[in-house]
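Each protein sequence line maps, in turn, to chains A and B. First residue of the first sequence? That's 12 in our numbering, and the numbers climb one at a time after it. First residue of the second sequence? That's -11 in our numbering, and the numbers climb one at a time after it.
Simulated from the structure, these hints should not be mistaken for laboratory data. Careful, some of the hints might be misleading.
Said to hold, decoys possible - Only pairs whose alpha carbons sit at most 16 Å apart, straight line, appear in this in silico EDC-like list of lysine to aspartate or glutamate:
hint: 1; chain 1: B; residue 1: K102; chain 2: B; residue 2: E135
hint: 2; chain 1: A; residue 1: K15; chain 2: B; residue 2: E135
hint: 3; chain 1: A; residue 1: K146; chain 2: B; residue 2: E135
hint: 4; chain 1: B; residue 1: K489; chain 2: B; residue 2: D299
hint: 5; chain 1: B; residue 1: K396; chain 2: B; residue 2: E181
hint: 6; chain 1: B; residue 1: K408; chain 2: B; residue 2: D114
As the structure is a prediction and not an experimental result, all values here were calculated from the model.
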Amino acid sequence: MRSKFITYLIFFGPISSFISGLLFVPIIANIWYSFHRWQGVGSEPIFVGLENYIALFSDSDFLLTLFNVARYVSFILPLVVLVPLFLAVTFQQDDKWSKIVRSVVIFPFAFSMVVEGVLWRWVYQPHVGPASLLKIDIIGNYATAIYGVAFVAFWQAMGFYMYMFLAGIGSIDTALYESAKIDGASSLQIFRYITLPLLKPTLAFVVTMALIWNIQTFDPVFVVTHGGPGFSTLTPVFYVYWLAFNRQDIGYASTVAVILLIITLIIASISLKLFQRGE
Amino acid sequence: MDLTINESKQNLNTTLMMGINEKVRSMNKNKISRREALSTAAKVAIGSGVAIVVAGGVAAYLATRPPQVVEKIVTIEKPVERTVVTTVAGVPTTVIETRRETVVQTATPTVRPKVTMWKGPHTPDDPGVYAPIVQAFKSQNPDIDVEFVSVPWDQLSAKLASGVASGTVCDVAYLPSVWMYQYANQGALVELETLPNFNEVKSQPYKSTPWRAGQFMGHQYGIPYLSVAVVVMYNKDIFEKAGVGQPPKNWEELIEVAKQIHSPDKGIYALGMPLGWEAYVTHWCSSLLYSYGANVPLSFGKPIPGVGDNDMTLNTDAGVEGMTMMKRMWEYSQKGKLTRGEVTDLFFAGKIGMVPHESFTVPLLDKHPEIRAGVFQMPEGPVGRYTYGESGYISIFKQTKNLDATWKFARFITSRDQNKKYLEASYLFPARDDIEIEEFTKGKHADIYQEYIKAVEHGRYSMYSIYGEELGRMQDDIIAGGADIKSTLQRTAENIMMIIKASGFKL
Chain A
12 MRSKFITYLI
22 FFGPISSFIS
32 GLLFVPIIAN
42 IWYSFHRWQG
52 VGSEPIFVGL
62 ENYIALFSDS
72 DFLLTLFNVA
82 RYVSFILPLV
92 VLVPLFLAVT
102 FQQDDKWSKI
112 VRSVVIFPFA
122 FSMVVEGVLW
132 RWVYQPHVGP
142 ASLLKIDIIG
152 NYATAIYGVA
162 FVAFWQAMGF
172 YMYMFLAGIG
182 SIDTALYESA
192 KIDGASSLQI
202 FRYITLPLLK
212 PTLAFVVTMA
222 LIWNIQTFDP
232 VFVVTHGGPG
242 FSTLTPVFYV
252 YWLAFNRQDI
262 GYASTVAVIL
272 LIITLIIASI
282 SLKLFQRGE
Chain B
-11 MDLTINESKQ
-1 NLNTTLMMGI
9 NEKVRSMNKN
19 KISRREALST
29 AAKVAIGSGV
39 AIVVAGGVAA
49 YLATRPPQVV
59 EKIVTIEKPV
69 ERTVVTTVAG
79 VPTTVIETRR
89 ETVVQTATPT
99 VRPKVTMWKG
109 PHTPDDPGVY
119 APIVQAFKSQ
129 NPDIDVEFVS
139 VPWDQLSAKL
149 ASGVASGTVC
159 DVAYLPSVWM
169 YQYANQGALV
179 ELETLPNFNE
189 VKSQPYKSTP
199 WRAGQFMGHQ
209 YGIPYLSVAV
219 VVMYNKDIFE
229 KAGVGQPPKN
239 WEELIEVAKQ
249 IHSPDKGIYA
259 LGMPLGWEAY
269 VTHWCSSLLY
279 SYGANVPLSF
289 GKPIPGVGDN
299 DMTLNTDAGV
309 EGMTMMKRMW
319 EYSQKGKLTR
329 GEVTDLFFAG
339 KIGMVPHESF
349 TVPLLDKHPE
359 IRAGVFQMPE
369 GPVGRYTYGE
379 SGYISIFKQT
389 KNLDATWKFA
399 RFITSRDQNK
409 KYLEASYLFP
419 ARDDIEIEEF
429 TKGKHADIYQ
439 EYIKAVEHGR
449 YSMYSIYGEE
459 LGRMQDDIIA
469 GGADIKSTLQ
479 RTAENIMMII
489 KASGFKL
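Next comes chain B alone, as it looks inside the complex:
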């Protein structure tokens, strides 16, 4: 058959078109509806979600399950002595026969006891400071292994919590007082008075306040390791210019001195008063309230006469009087919502006359030689003198599998000589009377440090970690917000009781 060129082209086009149409038809067959696509996508999404949850659950279980103790079954040979009764010539005779026999027994592999300690750092090189302490312990106790783990503070809280929950916590830890109370309340810590040689520890010359504050609900949960206290730092030049001779001894005197030195027109403020919750715990408010007899439950350390550690007396006349005094103090303070750091900056800029400080502020005096600073004890109130206090404790977790070794290690590191080694490196205050740190007794700022050491005995420790924000809010509302004192104290007391209850503390 003859075809013209045009006919050939047409045939070719037709064939191509047929091929394309076939392809399109074939593709249409494979095409899926939108409903089908969404349905499949949803199934994949749900499947993936379920898979993630299951995988996460399995991973969490594997990560948190307690370590398995593997027992080995061993076959050993041992000589056995046994008495056999035989008959010799018809007469029963007893002979002793020794023979070897093979016995099968279950045995736990012998493991050297190991003590693990977790601690947040107080020095730039805590492992380095602890190395000779651990070495000294091991030389006295070669059969005990020790692992000292320095955990950054921002991770330690979560590490301890997850460790307690999962059964993988360390044997012994350094715990700030507030953490110790929390874990004691959870029943996670060993009651130390139940351990042998506890009286030996108790008989050591510990300062009474840190020792007492190591107790919770009648049990001793920690051995004091170091202490923190707050005193009032004042600017001697500002005092002298205003003709003030002696620092104030009580709150009324503090107001009198404040009146004399307060001169906002010249940029001089008598008192440095930060706002917010952190201000409550380490600055004026808690010291003032305790000294008026206004207590919040779960406060420890120096007792308030006639008031129990778990009594709520904030919403009483004592609280009203205390906060009235606080409000009077605010009249002679700098204004603005300043943090502790910002108030400290103003003090070292020579603008503030008096401000409470923890001891870590003392080295700043060397950076500001133009400021002549002195310190005085927190003023006394109607029921006594109090200050913000805190101690660090060595506590043992009940989960330890080597209680004897751990207790031995805890006693060793809290012994006078070993405790001193750490305190010398950290510049923190001892919780016992028989440790003298040269820097604090003979150093450049020895007189200032001695006031801090004296203040340790006035310390009262509160569970600010759970209700501190509430107290800070109360302080702000009353002094800066102009709120009614009585009703604000009542609201705060109710909120605190609710928080304590919700936190699982049984008073």
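Chain A on its own, in the form it takes in the complex:
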């Protein structure tokens, strides 16, 4: 038994320590802080029980961030599913043009969001950027700013999702396509009755990951609008950052983070369940 334990210690020890240290310990610490009032380094956490959680449900700013992220996700989710799927189906061949298009589409994914955010700020600039030609002010307008940010995130992630779909398409048996062609099926029918049903696992992955990542969006908001104008693009994760580093209210920020984790888990689970039921 002792030798077995040593074997497990050798094999599981490093990865367990890694996971415990970087994942479980911060999550547990976060939950612990969510029951405290704490101003950060230099002050002592004071236990306040459920006070932060009670305050959260009457916090109009938190509700506003949920509304903002709902608008953000509802805009970006169809885009990151439909456009990359279309691109993957259209440019799946190994010909020269398909390769060029695939390289161009994945290009933004290779860059940091900070760089791209700055670039897009210039694109959206209503006085000197390309947007000035259209006489539109996307990120200075309360109604449209969130969509401007979401589009930047979509633009960056589009290539990644396209490659996910390409991998899914690549795993479909080509004999199915050949027999469908022999039976006289059109391209649309092949897509509808072969590609799409067999891509369901990939679709489930893409939708679930897109949901999780975009509910937790931070960097495009931080770089492009910094949550503004006003709080019109403030998302829940940005709100956590804002509470922690601007208000120095670490306890309350931890509470928002805990609730956000629960919300994300629920939505991701529902998404997976729906796809499993579909199978």
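With the hints as your guide, set chain B onto chain A.
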């Protein structure tokens, strides 16, 4: 026994098979169940987690515990004079006897006092600028050691906070006003008026606003070291083309001038107004509100008549009037969610007529000789003229173990000559009237710099670091979001009071 070849092969196979089966049986014996594997893995994971937490705790304790003062027990010999009463021939007689005796005493090792200073850099080579200052101090005070540590700004805040929390902070530091208020509120700074020779420092010709802003809750926590102020920079060509002779002196005049020069069809915008929280503190909004008498608590510097530094008057008629003016200004501004930097770029592209600026923008004029720029003081409102202000202070932490030496050093570096050495290297404005920097009095942009120096006295310093985002949001909501002014001001005032309370400030 004779065996055929086939029989031999069969026997061999049977033996081999038996061996393999034995091995398999033996392996099966060692095989563990999935439950057992998961259980062991979970134990290892929990054990590792606990070990990490314990190790982290021990490391954090060791890293943050205050330094131990070690006292040495020494044995010394010293001559002792004592009076001994003896009897000589039956008569008590007093004689004085000197003898050597060995005594054991506890003694603290003699350590030269050392003063450690932390400062964020204002020059490309702060240690180089400070070296002669420290040298001059040491030549006057050879018994005091000084360690000057230049800490990058992005690390200084955390270093100070963790230092105060763990008892390892420096003796003296350069603190921007907002940090000074925070540490004063935490009780981490020395009340300077309790120190000897304070009146000597107080009697120096400090500008009244930076000196006053060095006080918090009735105590002086910092000696002013340098100042920052904001004035409005304007494009002379745009003014002249529109027939505007003089820059505006008050907010109504500013609107009148804006009407004259605003020409969006030609790509000319009268005012540069960034959105977001940073815009509040250094641009129009805070100056405008103060000048209407709308105050937010924890504002310092030039006082507002009839309004205390900790009064909340944002959600009063003064605030409504101020933000109504701000909304009128937005009509003559560029649009879009632009940062300060982007608005500055538009100004230097010749597209904006007037924009508030801190002094570090002045050198940009040399890069844009095509722009003829002038500056004017922030317009005056119904209760006076105000501008965003900030000063840097030399403050002493209560944790210092060498208060006398530290106080001596603080007074030395803030003395006229030493202060001047630093300001000449950093191109920052003095907080006292007896320092003249040649660049500001005789340089190419001396007239512009003089306006900045005048603006120092109009400075009002706010704790924007804790509620600036809230004020920026208020500004955005009202001018760009079309929100109702009165209710937005009320919401902002309530949020600010909540933030101040949560931040531990007692008003």
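Results for each hint:
no. : hint            : result
1   : K102/B x E135/B : holds (7 Å)
2   : K15/A x E135/B  : violated (56 Å)
3   : K146/A x E135/B : violated (57 Å)
4   : K489/B x D299/B : holds (14 Å)
5   : K396/B x E181/B : holds (14 Å)
6   : K408/B x D114/B : holds (14 Å)
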